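Number of protein chains: 4
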Amino acid sequence: MRSNYEVVIIGGGIIGSSIAYYLAKAQMDVALLDGGAIGDKTTKAAAGMLGAHSECEDDASIFFPFARSSQQAYRELKDELYEISQIDIGYREGGILKLAFDESEKQKLHYLLQQPSVQWLDGHEVKKLETAVADHIVGAAYIKDDVNVIPTQTCQAFAKGAQVFGASIFENTHVYGVQKLNDSYFVKTTKGTIEAKRVVVATGVYSNGLLQDIGVSEQLTPVKGESIVVQTNQPILQHTLFYEKSYIVPRNNGKLVIGATMIEDEWSESISLQSMEDLINTAKAMIPSSSEWKIDGFTSGLRPATFDGQPFIGRHPEDEGIFIACGHFRNGILLAPATAELIRDLMLEKEENKEWLDAFRIDRRQLTKV
Amino acid sequence: MRSNYEVVIIGGGIIGSSIAYYLAKAQMDVALLDGGAIGDKTTKAAAGMLGAHSECEDDASIFFPFARSSQQAYRELKDELYEISQIDIGYREGGILKLAFDESEKQKLHYLLQQPSVQWLDGHEVKKLETAVADHIVGAAYIKDDVNVIPTQTCQAFAKGAQVFGASIFENTHVYGVQKLNDSYFVKTTKGTIEAKRVVVATGVYSNGLLQDIGVSEQLTPVKGESIVVQTNQPILQHTLFYEKSYIVPRNNGKLVIGATMIEDEWSESISLQSMEDLINTAKAMIPSSSEWKIDGFTSGLRPATFDGQPFIGRHPEDEGIFIACGHFRNGILLAPATAELIRDLMLEKEENKEWLDAFRIDRRQLTKV
Amino acid sequence: MRSNYEVVIIGGGIIGSSIAYYLAKAQMDVALLDGGAIGDKTTKAAAGMLGAHSECEDDASIFFPFARSSQQAYRELKDELYEISQIDIGYREGGILKLAFDESEKQKLHYLLQQPSVQWLDGHEVKKLETAVADHIVGAAYIKDDVNVIPTQTCQAFAKGAQVFGASIFENTHVYGVQKLNDSYFVKTTKGTIEAKRVVVATGVYSNGLLQDIGVSEQLTPVKGESIVVQTNQPILQHTLFYEKSYIVPRNNGKLVIGATMIEDEWSESISLQSMEDLINTAKAMIPSSSEWKIDGFTSGLRPATFDGQPFIGRHPEDEGIFIACGHFRNGILLAPATAELIRDLMLEKEENKEWLDAFRIDRRQLTKV
Amino acid sequence: MRSNYEVVIIGGGIIGSSIAYYLAKAQMDVALLDGGAIGDKTTKAAAGMLGAHSECEDDASIFFPFARSSQQAYRELKDELYEISQIDIGYREGGILKLAFDESEKQKLHYLLQQPSVQWLDGHEVKKLETAVADHIVGAAYIKDDVNVIPTQTCQAFAKGAQVFGASIFENTHVYGVQKLNDSYFVKTTKGTIEAKRVVVATGVYSNGLLQDIGVSEQLTPVKGESIVVQTNQPILQHTLFYEKSYIVPRNNGKLVIGATMIEDEWSESISLQSMEDLINTAKAMIPSSSEWKIDGFTSGLRPATFDGQPFIGRHPEDEGIFIACGHFRNGILLAPATAELIRDLMLEKEENKEWLDAFRIDRRQLTKV
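Chains as they are written, first to last, in the UniProt record's numbering: chain A, 1 to 370; chain B, 1 to 370; chain C, 1 to 370; chain D, 1 to 370.
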């Protein structure tokens with residue numbers, strides 16, 4: 001283990017791995033550290049929807065253009081990452097149907113239908129696309145661009161790609177703390193201390209200790225998301241179905257993912273009986289015959305929630321060698337490329353998107369108060 | 001593989017393995033064949049309740065004395081099997097509480113409370129024993145003698161014990177058919193043909209092909225039973241709870257088993273979403289706080305049901321070298337020792353229990369009709 | 001369950017599923033039966049190399065042109081199957097390097113290098129392509145066309161594709177026997193009897209009972225193949241490595257498969273300590289640093305071997321409504337499309353390849369003897 | 001979550017859980033915290049040998065009497081824990097055979113044979129006890145008192161037992177740091193801050209960050225231990241076999257554990273190919289026919305090694321409200337009861353064993369230097 005790097009990235013989930021990829025590709029000397037294995041915590045439990053539209057709840061937010069930009073980056077990344085890393089990110093087209101079963105649900109889709117990329121389908125059209133949907137379907141917002149990837153493979157592809165571009169990866173390397181001395185940071189780990197010119201904190205919901213250590217008062221709250229993976233004897237869905245913050249995602253291997261619960265302030269990754277019942281009921285609301293689907297497995301992960309639901313992306317307010325990229329809540333996979341681009345541009349002092357950096361700065365709560 | 005044995009037992013589940021044990025202990029020369037691994041189908045999915053009382057639905061049946069006799073045999077077997085096989089069968093005392101949440105449910109327990117070994121506890125007493133039971137509990141039949149074992153370990157202990165007494169065990173040995181020539185039977189298997197003086201058919205619900213082959217018209221119907229294995233942060237149950245054919249069984253390793261569904265005529269061992277929802281609701285009816293329990297795994301197996309719910313145990317009606325022991329429905333673990341004793345006594349022409357043999361003969365349907 | 005089909009295919013592995021796909025696409029009325037789940041036995045354990053060249057041991061055999069034809073069929077199938085079934089078969093280019101570590105091993109590749117599609121690379125060139133290969137590498141036959149697919153997903157894609165074209169799939173439907181009456185076949189299953197005009201036997205090594213039942217004397221012998229699935233911190237292989245009948249296959253998910261043992265006449269799918277040691281040593285012979293690779297899992301399956309190593313494909317010699325497609329040994333995935341085409345052409349009385357049918361007929365042993 | 005306890009124990013492995021049990025039984029008000037689940041790290045991977053003799057390498061050490069005392073405590077604990085927690089710790093008699101295959105290996109057992117509780121068996125006698133041992137066995141030290149328990153169940157039994165005695169258990173509660181204010185300690189966790197009069201650090205190899213935080217300069221080094229769990233068709237071993245720091249342990253469920261590697265300074269719990277090969281070779285050295293054993297699974301855990309191989313047990317040198325119990329290396333399960341007794345006696349100011357406390361104090365390295 002070398003003891004000196006230009007940049008040390010703490011956290012090998014989808015955010016840290018994509019940052020490692022973007023920085024290594026820009027020829028920086030990068031070490032990527034993870035307390036466990038690459039992509040093995042929250043990333044592993046994600047459904048992988050690139051839901052720029054479907055995850056957007058209103059039209060005022062900065063979220064949408066940022067998410068769209070990230071979603072579009074994946075179009076090129078899917079081939080680039082395969083070529084470099086030899087790992088397939090499982091990019092799957094088909095799009096999302098955001099379902100409405102009554103008029104009020106249809107109303108809530110109004111903001112979404114303003115987008116030229118979104119199309120309204122009435123109940124009859126939805127049933128033609130997906131015959132298993134419940135008969136009383138009123139219609140759906142059809143979002144062709146909200147496609148899927150396979151999260152673990154995407155994360156592995158970023159990390160292996162970074163490695164091919166020269167980055168060093170250290171798994172099972174837990175970080176105790178970060179100290180500054182002169183112009184260097186000393187990252188204390190289970191495997192010894194590493195010196196770096198810059199440090200990136202990308203440890204998702206597990207960032208709280210580190211944030212305290214580097215003098216940041218913001219904290220993240222876990223929102224557990226549990227999903228059921230199922231097999232079906234029925235013809236496979238061609239679109240992701242989305243209803244009331246839940247979804248059914250078809251996978252390239254023929255399996256379906258029913259997700260996800262939203263259990264606030266829960267640090268365990270276990271699957272509760274109540275959550276399972278809730279997911280089963282959600283699936284039945286969308287597809288009545290799902291009661292016959294067979295259980296293949298479960299996933300569970302802790303989404304990192306910030307006070308306002310938007311991520312923290314940018315420089316430490318008082319320490320310009322420390323960068324923060326965490327708090328992506330339900331949207332880590334979707335936002336990873338755009339987040340990595342922002343961090344890279346900041347670090348290389350390229351022309352970065354100031355509007356986004358303002359929106360996502362970690363001290364925005366204090367600034368707002370004033 | 002020797003090609004000649006005194007007795008070939010087809011089927012290495014709990015029934016075939018216990019018969020192998022009893023015969024080998026009686027110094028017979030036994031081969032035990034299984035198409036897969038010992039105890040790896042229906043046996044594996046059993047909860048292991050020795051529910052002589054709790055599984056008995058009325059007092060007229062021959063089932064009760066037969067089941068009681070088998071239950072009592074386990075008291076000695078638990079130490080004997082450990083000594084011989086070095087495998088612990090997980091015998092666990094504590095007994096069963098058969099719950100009643102209203103007066104009509106209490107009425108249904110009336111027949112059970114006639115037994116001197118069964119005691120009525122009112123709601124207050126039940127709550128004292130198990131505080132997590134739903135508050136509106138009316139009372140329970142407390143059956144101290146209905147204890148539990150761990151089914152796979154019990155089956156392994158029988159099979160290994162038989163091996164120690166000289167039996168040969170052949171796993172992954174599928175049987176195609178049985179032919180008689182002179183006084184011998186020729187058992188055709190994937191690994192070649194084995195000659196035997198006597199054959200025992202103990203293949204549970206998978207017996208249909210063989211029964212046809214040996215000229216028996218009775219067939220077995222699968223009734224799938226699915227269970228959820230859970231972990232809990234709460235204090236562990238000290239008793240098995242039983243309610244409406246479902247149960248929650250505490251295990252020696254601190255886990256609980258919630259079982260079991262009754263899906264008729266289903267040949268798949270997969271776990272359906274509907275079944276999971278049903279089991280979760282059953283558990284909540286007994287213990288409301290079970291909604292917080294964590295899923296640890298599932299089990300599933302196909303119970304072999306006969307036309308009248310009683311097993312087939314005895315000689316082939318027209319072929320005295322063939323013995324049949326199948327169709328034990330929900331009670332294979334419970335009834336294994338008594339079944340093995342009956343088969344052994346028949347084979348050795350010891351004084352056998354004629355009443356039981358009459359009740360369980362495979363041609364009883366035809367006899368009844370006449 | 002309908003009780004009457006034009007064609008009943010027994011066996012839902014890669015061979016039966018591909019036949020179902022080709023027949024259903026040709027608008028035949030097909031039922032596909034499997035005793036367990038689609039693709040869940042030998043298919044699941046395959047590595048998925050489309051090794052038309054690498055599996056060919058000499059140049060006289062009919063194997064090579066047949067295998068090449070099948071390999072080429074996959075080029076179109078990969079997109080066609082995705083479009084129809086929504087399942088990705090994981091087609092992965094890169095090709096195979098068949099390694100030689102000394103001159104005698106190089107000599108053995110001579111026959112292969114006659115093929116215009118195969119190129120000799122010397123040790124230096126091999127190390128440039130795959131730096132982790134052992135330093136004393138002499139060279140390799142580079143076979144660009146021997147690509148990979150993911151076997152289970154390919155099998156699922158065939159089966160689901162058949163379903164989309166109208167086929168019925170019955171899992172957990174064990175077949176006891178087949179009887180002919182007038183012009184119909186009656187297939188006796190755990191779920192009742194199905195009538196069919198034609199029957200296809202595609203049950204791999206589990207065909208022996210059925211073959212006996214339909215009067216065929218040939219039998220299949222299992223040759224167990226065990227593999228280790230591993231993860232690596234090293235850069236991922238870009239090519240499949242092949243050495244002494246063993247191989248290391250890179251997967252689209254970044255994992256590697258080290259396979260496979262050849263355990264003759266073994267009916268168990270368990271993984272033995274000896275096999276594991278052998279696989280580890282094979283991997284180290286190719287890639288010394290593989291000793292650091294991490295175990296992710298195992299696969300195991302029983303290859304169906306015939307007396308001469310070639311499959312049985314064609315009509316029953318004396319019963320023209322019965323078709324046989326089994327005994328594909330190490331090459332079921334590779335040969336599935338060409339096998340399915342042959343069966344379809346025979347059944348539709350299209351112009352079929354007579355040379356291949358002669359080579360693969362099930363009574364060839366008797367014919368040869370005469 | 002209450003925010004105030006008399007004692008907070010950090011670490012829910014076998015050491016922390018046994019301390020919780022002893023303190024709660026002594027009517028102290030205890031909270032037991034674990035960053036993950038109870039017993040789910042190093043404890044889970046232990047073989048569970050209570051090897052007071054077999055783990056002792058020479059006769060000068062304080063280790064032996066301490067270990068003997070702990071071993072004897074288990075004799076009563078096995079019933080007590082079952083009664084209180086309803087969990088069976090899997091106490092299994094049979095003893096250990098420490099094998100010698102040549103004269104020099106026999107010499108090394110000399111110190112052990114001084115103990116009255118240890119008996120020499122010559123090769124002939126060893127073969128009579130365990131027929132599968134390699135024929136060239138010279139003899140074995142037979143240690144009847146070195147029995148086994150099942151580590152996870154033992155740990156769960158301690159924790160659940162503590163809960164029954166009133167302790168609170170908080171899983172998934174990671175500790176960032178400990179601060180002292182007046183006479184109280186403030187334990188900062190992912191779930192908020194808990195105040196305590198006393199704190200126990202029992203986080204095994206994961207203690208380093210905490211030890212730094214509380215001003216202790218000693219650090220622990222991980223020594224990874226990997227094991228293979230196997231099934232066998234052979235008669236089951238009746239004794240644990242021990243040879244060259246490796247062992248084969250028979251389990252109550254009929255499985256065997258082959259362990260364990262000693263990989264120094266390794267923080268990953270993954271299983272490497274090299275380690276597997278080494279374990280397989282060790283098993284074959286003891287039992288040649290083990291090459292046929294079937295792989296059932298793996299375990300892996302990080303043993304906490306101190307500078308001199310002895311644990312740290314006692315009070316913080318400069319802070320009398322902090323207690324330390326970590327660094328038990330290969331012997332956490334064995335030493336847990338005696339460790340818990342020492343901590344309890346210290347805390348309650350009972351008459352404690354001063355000799356042991358001197359031997360295990362955390363500042364012994366500095367004291368020795370002087």
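Hints were generated in silico from the structure; no laboratory data involved.
Possibly wrong hints are sitting among the right ones.
As the list makes no split between identical chains, a pair holds if one copy fits it or if it spans any two.
To be verified - Straight-line alpha carbon distances no greater than 27 Å define the calculated DSS-like cross-link-like pairs of lysine-lysine that follow:
hint	residue 1	residue 2
1	LYS144	LYS255
2	LYS127	LYS255
3	LYS78	LYS255
4	LYS128	LYS78
Because the structure is a prediction, the values reported are computed rather than measured.
Checklist entry - Between copies, within a copy, both or neither: which fits LYS144 and LYS255 at Cα up to 27 Å? => result within (21 Å within a copy, 31 Å between copies)
Checklist entry - At most 27 Å between C-alpha atoms: does LYS128 with LYS78 qualify within a copy, between copies, both, or neither? => result Answer is between; shortest inter-copy Cα gap is 26 Å, intra-copy 30 Å.
Checklist entry - Given identical chains, is LYS127 near LYS255, meaning Cα to Cα at most 27 Å, within a copy, between copies, both, or neither? => result Cα proximity of LYS127 and LYS255: one copy only (21 Å, versus 39 Å across).
Checklist entry - Is it within, between, both, or neither for LYS78 and LYS255, if the alpha carbons may be no more than 27 Å apart? => result Both: 21 Å inside a chain and 18 Å across chains, each within 27 Å.
Checked against the numbered hints listed earlier, the structure breaks none of them; every hint is satisfied.
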